[in-house]
Amino acid sequence: MTDVQQLVNGVLKGDKRSIARTISIIENNEPEAQKIISLLYPETGKAYLLGITGPPGAGKSTLIEKLAKELRNRGKTVGVVAVDPTSPFTGGAFLGDRVRMQDLSTDPGVYIRSMATRNHLGGLARATKDAARVLDASGKDVVIVETVGAGQSEVEVFRVAHTTIVVLAPGLGDDIQAIKAGQMEIGDIFVVNKADRENANKAVSDIEAMLEITTEKKGWKPLVVKTSALTGEGIAELLERIDEHRKYLKTGELDELRKERVETELVDALSQKITESIVNELKQKEEWNKLAQKILARETDPYSAADKLLAKRLKTTKKR
Amino acid sequence: MSKKEKGRKIRVVIAKPGLDSHDRGAKVVARALRDAGMEVIYTGLRQTPEQIVETALQEDVDVIGLSILSGAHMTLFPRIMELLKKKGLKDVVVFAGGIIPEEDVPGLKKIGIKEVFGPGTPTSTLVNFVKENAHKR
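Going line by line, the protein sequences match chains A and B. Just so you know, we're using the working numbering here: the first sequence kicks off at 2 and counts up by one. Just so you know, we're using the working numbering here: the second sequence kicks off at 15 and counts up by one.
Since the hints were made in silico from the structure, they are not lab data.
Derived lysine-lysine pairs resembling DSS-like cross-links, with alpha carbons at most 30 Å apart:
(1) 123/B <-> 17/A
(2) 128/B <-> 100/B
(3) 274/A <-> 23/B
(4) 17/A <-> 99/B
(5) 130/A <-> 23/B
(6) 101/B <-> 17/A
(7) 17/A <-> 41/B
(8) 41/B <-> 124/B
(9) 309/A <-> 286/A
(10) 124/B <-> 17/A
(11) 17/A <-> 104/B
(12) 14/A <-> 23/B
(13) 23/B <-> 284/A
(14) 36/A <-> 104/B
(15) 101/B <-> 47/A
With the sequences and hints as input, model every part of the structure.
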């Protein structure tokens, strides 16, 4: 049995081994996980959370290395949680984000953790948010969450981050792509990376044109920044823009945002626990097997069967 | 705590210490371990012992695989083993591969390298080795 309190104390002191073990325990959903989260929770909420998303190969990891270095120059400590996909066939994963962040690996003010999605959808792993929390509790000033190379609907990161940055590269598509739902809606800041390439200005103007016709949500108009993670061009400007967004959130948006998120999380936690407990209970019943057999025989369908199971369960609850 | 609990995955760092830039072999090994259901963290080329150990620490890995073709293993590996000890990572299993002369192997095992695999080792041998040793942690 791991000594939970000792681990938590280690995390709060910024001890790397404790942070590493704690994230693993949460990631593996080991029995101590919930206890650890509840002990760390009061110490969280201090770090600024940056979400970085965008398609594979846009330069997210390289950009994070440059951003983190610039933040270090400004005296900030940095945590990074970088997510890569798990194979749906073997359950294995190749986590390659560190390759682009080599200069950070021995900096005592930086902690990087690679994480596999373990088949969680949405662009993050189930445990990503909690891993970010562990880094927050360990005293990092800024925690950067990098999603998997994202497609159009991997948008979960915007529920985790204070500022969401969508990283794009020139030549990925025209203004029609820019108008689509999903990814293109979640950016507080859009980065056109690889500005050293041709067509960077065209990409910037496509995105800007798209933003022109977007109905402003809550007073923040997303910004577009051109960067080259290779040369470092635009990195300082990007940090200025992040700061602008942070200041904007401070004017009152942040409290609202936080409350919204806490409620969403509460609903998620409740749904998970309710589902678990009710399903486990129903599975014990004879009716469960009977209905499963009926579905197999095409005598009923899953939805009607679920209705039946639930109706009975609700009736017994009422009687109590 | 049993490491074989549900949800527990073997985590491995595959690292290229030193100055040689040939990582075909390292990538083949990384891919084989990935296909065996493990989570493989690849460091990229030209890693210092400090970078490798720091990565193993932050990523909470069970196993480190070192790939080296430059001939500097007798200098770099002892440094890595020393740093692992210093950082409290004595329980991490280390194996090596690449171009390592037969006569160097006993010396490397003496400093704690669990196994040395030469060119032509079937990937299934590696996979079995990692699976057998990772959970002894």
